[in-house]
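Asks: Below, each chain spelled out in residue letters.
There are 2 protein chains.
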Amino acid sequence: MKRRLLLVSNSTVHGGGYLDHCQRDVRLFFGPDVKKILFVPYALHDRDEYTRMARDKFSSLGYDLLSVHEAADPVDAVRKSQGIFIGGGNTFRLLKSLYDNRLLCEIRRRVLEDGVPYMGSSAGTNVATISISTTNDMPIVFPPSFSAIGLVPFNINPHYLDPDPNSRHMGETRQQRITQYHEEPETPCVLGLREGSMLLVEGNKATLLGTTKARLFTRGRPPVEYDAGSDLSFLMTDAQ
Amino acid sequence: MKRRLLLVSNSTVHGGGYLDHCQRDVRLFFGPDVKKILFVPYALHDRDEYTRMARDKFSSLGYDLLSVHEAADPVDAVRKSQGIFIGGGNTFRLLKSLYDNRLLCEIRRRVLEDGVPYMGSSAGTNVATISISTTNDMPIVFPPSFSAIGLVPFNINPHYLDPDPNSRHMGETRQQRITQYHEEPETPCVLGLREGSMLLVEGNKATLLGTTKARLFTRGRPPVEYDAGSDLSFLMTDAQ
Ligand SMILES: [Ca+2]
Ligand SMILES: [Ca+2]
Numbered sequence: 014m015k016r017r018l019l020l021v022s023n024s025t026v027h028g029g030g031y032l033d034h035c036q037r038d039v040r041l042f043f044g045p046d047v048k049k050i051l052f053v054p055y056a057l058h059d060r061d062e063y064t065r066m067a068r069d070k071f072s073s074l075g076y077d078l079l080s081v082h083e084a085a086d087p088v089d090a091v092r093k094s095q096g097i098f099i100g101g102g103n104t105f106r107l108l109k110s111l112y113d114n115r116l117l118c119e120i121r122r123r124v125l126e127d128g129v130p131y132m133g134s135s136a137g138t139n140v141a142t143i144s145i146s147t148t149n150d151m152p153i154v155f156p157p158s159f160s161a162i163g164l165v166p167f168n169i170n171p172h173y174l175d176p177d178p179n180s181r182h183m184g185e186t187r188q189q190r191i192t193q194y195h196e197e198p199e200t201p202c203v204l205g206l207r208e209g210s211m212l213l214v215e216g217n218k219a220t221l222l223g224t225t226k227a228r229l230f231t232r233g234r235p236p237v238e239y240d241a242g243s244d245l246s247f248l249m250t251d252a253q
Numbered sequence: 014m015k016r017r018l019l020l021v022s023n024s025t026v027h028g029g030g031y032l033d034h035c036q037r038d039v040r041l042f043f044g045p046d047v048k049k050i051l052f053v054p055y056a057l058h059d060r061d062e063y064t065r066m067a068r069d070k071f072s073s074l075g076y077d078l079l080s081v082h083e084a085a086d087p088v089d090a091v092r093k094s095q096g097i098f099i100g101g102g103n104t105f106r107l108l109k110s111l112y113d114n115r116l117l118c119e120i121r122r123r124v125l126e127d128g129v130p131y132m133g134s135s136a137g138t139n140v141a142t143i144s145i146s147t148t149n150d151m152p153i154v155f156p157p158s159f160s161a162i163g164l165v166p167f168n169i170n171p172h173y174l175d176p177d178p179n180s181r182h183m184g185e186t187r188q189q190r191i192t193q194y195h196e197e198p199e200t201p202c203v204l205g206l207r208e209g210s211m212l213l214v215e216g217n218k219a220t221l222l223g224t225t226k227a228r229l230f231t232r233g234r235p236p237v238e239y240d241a242g243s244d245l246s247f248l249m250t251d252a253q
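One line per chain: the protein sequences are G and F, in this order. If you're matching positions, the first sequence starts at 14 in our numbering and goes up one per residue. If you're matching positions, the second sequence starts at 14 in our numbering and goes up one per residue.
Bear in mind the hints are in silico, worked out from the structure with no lab data behind them. Just to be clear, a hint being listed does not mean it is correct.
[Claimed, not checked] Which residues of chain F face chain G? A partial, calculated answer using Cβ under 8 angstroms:
#, residue
1, V26
2, L74
3, Q95
4, N103
5, I145
6, D150
7, P152
8, H172
9, L174
10, N179
11, M183
12, T186
Virtual Cβ for every residue (Gly too), placed ideally from N, Cα, C.
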C-alpha cells in the first residue's frame with residue numbers, strides 16, 4: 014500500500030505561527046516533487062480567509078495551494094491532486110461538508126490507491142481516521158454519519174490534554190471521555206496526540222514525530238505512553 | 014403552560030458529594046406531593062450502579078426513585094411518572110438511548126401538557142433543550158438526530174468554563190466553540206451555565222439559581238453576564 018500520511022495534532026503551538034512547529038516535517042513529507050497542494054478549508058466558516066492564511070504558509074514552503082472551495086468541481090479537484098491538506102476547525106462542520114461534496118471516497122481512493130500524500134491538522138487529522146467519535150469539538154451541525162475517511166484503522170484524539178491536578182472543574186477529563194468511548198462495544202484504539210506531536214504513516218509503518226509524547230488508549234487495557242520517535246506500526250494492522 | 018424544570022449545570026461541585034450543592038433546590042422543586050421520581054440513567058454505561066447512587070441521594074431527600082431501565086415498559090413508566098430526573102454522563106449515549114426507547118415525545122408531553130416536574134443535570138440538562146449541539150461530550154455513539162426533547166426554546170452549555178489566562182493549550186476555548194455554533198444560520202441562544210448554577214423554569218418564567226453567574230450567547234451579539242437570581246424569562250419566547 015502506497016499510503017503516506019502526516020497527521021498533526023494541532024496547527025499552532027503556544028506562541029508560534031501557523032504550522033511553524035511542523036514546517037520542517039511538512040516539507041520533508043510533501044518533498045520536492047509535489048508542486049501544488051489541494052487545501053480543504055471546510056472546518057472553518059470563513060473559507061476565503063482560511064485559504065489565504067494556508068496559502069501564505071505553503072507558499073513560504075515552496076508549494077502552490079489550491080482550495081477545494083475555489084474549484085468548479087471539488088471531486089475532480091481531488092482526482093487531479095498531487096497532495097492534500099485538510100486543516101482544523103470544527104470537525105462536525107468539516108465532515109458534513111466532505112459528505113455534502115461527496116469527497117470521502119475519492120480522497121480515500123487517491124490516498125490509498127494512488128499514494129497521494131495526505132496531511133491533516135486537528136479536525137483534518139480526526140477525519141483521516143475511522144471516525145470522528147473522539148473529536149473534542151461541539152456537534153454544531155449534523156453529519157450523515159460519524160464514519161470518516163478511514164485512512165488508518167484506529168481513532169485519534171488531537172490536542173490530547175493531561176488532567177490539571179489544580180483544576181476544580183468537574184467536567185470529565187479527556188482520559189475519562191476516551192474511557193467512555195471504550196465502554197462501547199468493539200471500539201478501536203485511540204491515539205491521544207498531545208499538542209506538538211504528529212504521526213507519520215508510510216505504507217504500513219507509523220512513527221510518532223514531534224516534541225511531545227503520545228498516550229495510547231486500548232479498550233479494556235491501561236493507557237500506554239510513547240515517546241517521540243516511537244514505532245507505532247502495530248496500530249496499522251486492523252486487528253490490534 | 015404548566016412546565017416546571019430544574020436544569021442543573023453539574024451534579025457535583027469540587028469537594029462535595031453527589032447533588033449536595035443543589036439538594037435544597039431539588040427538595041423545593043419536587044416538593045412534598047411528589048413521592049416517586051423516575052430516573053433516567055442512560056448517560057452512563059453502568060446503569061445499575063448509577064441508579065444505586067441516585068437512589069441513595071433521593072432517598073435521603075425523602076423521595077423513592079424508580080429507574081426507567083428497571084421498568085418493563087419504559088414509555089409506560091414515563092406515562093405514569095410523578096417527576097422525572099435525567100442524570101449526566103455522555104450526552105450522545107443519553108440521547109441515542111432516549112430515541113432507541115422512544116421516550117422523547119412522551120417526556121415532552123408529560124412535562125409540557127401534564128406539568129410533570131423535570132430535573133436534568135449536565136447531559137440531562139442538554140437533552141432538555143432544543144438540541145445537544147452545545148454539549149461538551151465526545152460523540153461516542155451516533156444518535157438519529159441532534160434534536161432533543163425541546164422543553165425550552167434555546168440551548169444550554171453545562172459546565173460552562175471561562176478561558177484560563179495561564180493556559181498554553183491551543184484547543185478552542187468554550188466561548189470560541191459556542192461562537193462557531195453561532196456561525197451556523199438560525200442558531201438559538203446558548204446559556205452558558207457555570208458549575209454551581211442552575212435554571213428554574215416555571216411556566217414561562219425562568220430564574221437563574223445557584224452560586225455562580227451565567228453567560229448568555231446570542232447569535233451576532235456580544236455575550237452578556239447574568240447574576241444568580243436574574244430573571245431570564247425573555248429566553249422562553251420562541252423569537253428571542
Ligand atoms: Ca477543533
Ligand atoms: Ca458529560
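Asks: Does each hint hold? Answer for all of them.
Replies: Evaluated hints:
Evaluation of the V26(F) hint against chain G yields a held restraint, the C-beta minimum of about 6 angstroms falling below 8 angstroms. Evaluation of the L74(F) hint against chain G yields a violated restraint, the C-beta minimum of about 21 angstroms exceeding 8 angstroms. Evaluation of the Q95(F) hint against chain G yields a violated restraint, the C-beta minimum of about 29 angstroms exceeding 8 angstroms. Among the interface hints, the one on N103(F) holds; its C-beta lies about 5 angstroms from the nearest C-beta in chain G, closer than the 8 angstroms criterion.
At its closest, the beta carbon of I145(F) sits 6 angstroms from a beta carbon of chain G; the interface hint therefore holds under the 8 angstroms criterion. Here the hint on D150(F) is kept, as its CB sits about 7 angstroms from the closest CB of chain G, short of 8 angstroms. Of the supplied interface hints, the one on P152(F) holds, with its beta-carbon coming within about 5 angstroms of a beta-carbon of chain G, less than 8 angstroms. For the restraint placing H172(F) at the interface with chain G, the shortest Cβ-Cβ distance is roughly 4 angstroms, inside the 8 angstroms limit, so the hint holds.
Because the closest C-beta pair between L174(F) and chain G is about 6 angstroms apart, less than 8 angstroms, the hint holds. The interface hint given for N179(F) is violated, since its Cβ lies 10 angstroms from the closest Cβ of chain G, which is over the 8 angstroms cut-off. The interface hint given for M183(F) holds, since its Cβ lies 5 angstroms from the closest Cβ of chain G, which is under the 8 angstroms cut-off. For T186(F), the shortest C-beta to C-beta distance to chain G is roughly 12 angstroms, which exceeds 8 angstroms, and the interface hint is violated.
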